[in-house]
Amino acid sequence: MDTTFVDKMCNFTKVTLVIIALIWIFKTLFLFLWSCFYGFKVFIWSRFWKRDLTKLYGEYVVMTGATDGIGFALAKHFAERGHSL
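According to full-length UniProt numbering, the sequence shown is numbered sequentially starting from 1.
These are calculated hints, taken from the structure and not from any lab test.
Any given hint might turn out to be false.
[To be verified] Here are the simulated DMTMM-like pairs of lysine to aspartate or glutamate, each with C-alpha atoms no more than 25 Å apart in a straight line: (1) Lys-41 with Asp-68; (2) Lys-55 with Glu-80; (3) Lys-41 with Asp-52; (4) Lys-50 with Asp-7; (5) Lys-76 with Asp-52; (6) Lys-41 with Asp-7.
[Unchecked claim] Derived CB-CB ranges, DEER-like: (7) Leu-74 with Phe-26: 37 to 43 Å; (8) Thr-13 with Trp-34: 44 to 50 Å; (9) Arg-47 with Ala-21: 37 to 43 Å; (10) Cys-36 with Asp-7: 39 to 45 Å; (11) Met-9 with Leu-31: 28 to 34 Å; (12) Phe-43 with Glu-80: 16 to 22 Å; (13) Trp-34 with Gly-58: 27 to 33 Å; (14) Glu-80 with Leu-31: 35 to 41 Å; (15) Trp-49 with Ala-21: 36 to 42 Å; (16) Ala-73 with Leu-22: 47 to 53 Å; (17) Ile-23 with Arg-81: 32 to 38 Å; (18) Ile-19 with Lys-50: 41 to 47 Å; (19) Phe-37 with Ile-70: 24 to 30 Å.
As the structure is a computational prediction, the values presented were derived from the model and not from experiment.
For every residue, glycine included, the Cβ atom is placed at its ideal position computed from N, Cα and C.
Work the whole structure out from these sequences, hints included.
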């Protein structure tokens, strides 16, 4: 029996929808794994591996608003790490 145009288009549509679904699944899986890796890097890895900010950015830190609140806490943090304020 000869396949008709409609049967061919139906198969093409099925294959196209399967490909689109697979692309969406892989994209969603990749984004989920990337966010898990990023969360691990930010919240867990940073607790154990401290960067030497003096080596990366230099010895001096210029801060505004370092007399109270968050600015004061950041100034103390930078001073503990060896920066000149």
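Hint check:
{"no.": "1", "hint": "Lys-41 with Asp-68", "verdict": "30 Å, violated"}
{"no.": "2", "hint": "Lys-55 with Glu-80", "verdict": "15 Å, holds"}
{"no.": "3", "hint": "Lys-41 with Asp-52", "verdict": "17 Å, holds"}
{"no.": "4", "hint": "Lys-50 with Asp-7", "verdict": "62 Å, violated"}
{"no.": "5", "hint": "Lys-76 with Asp-52", "verdict": "16 Å, holds"}
{"no.": "6", "hint": "Lys-41 with Asp-7", "verdict": "51 Å, violated"}
{"no.": "7", "hint": "Leu-74 with Phe-26: 37 to 43 Å", "verdict": "41 Å, holds"}
{"no.": "8", "hint": "Thr-13 with Trp-34: 44 to 50 Å", "verdict": "31 Å, violated"}
{"no.": "9", "hint": "Arg-47 with Ala-21: 37 to 43 Å", "verdict": "39 Å, holds"}
{"no.": "10", "hint": "Cys-36 with Asp-7: 39 to 45 Å", "verdict": "44 Å, holds"}
{"no.": "11", "hint": "Met-9 with Leu-31: 28 to 34 Å", "verdict": "33 Å, holds"}
{"no.": "12", "hint": "Phe-43 with Glu-80: 16 to 22 Å", "verdict": "21 Å, holds"}
{"no.": "13", "hint": "Trp-34 with Gly-58: 27 to 33 Å", "verdict": "31 Å, holds"}
{"no.": "14", "hint": "Glu-80 with Leu-31: 35 to 41 Å", "verdict": "37 Å, holds"}
{"no.": "15", "hint": "Trp-49 with Ala-21: 36 to 42 Å", "verdict": "39 Å, holds"}
{"no.": "16", "hint": "Ala-73 with Leu-22: 47 to 53 Å", "verdict": "48 Å, holds"}
{"no.": "17", "hint": "Ile-23 with Arg-81: 32 to 38 Å", "verdict": "45 Å, violated"}
{"no.": "18", "hint": "Ile-19 with Lys-50: 41 to 47 Å", "verdict": "46 Å, holds"}
{"no.": "19", "hint": "Phe-37 with Ile-70: 24 to 30 Å", "verdict": "28 Å, holds"}
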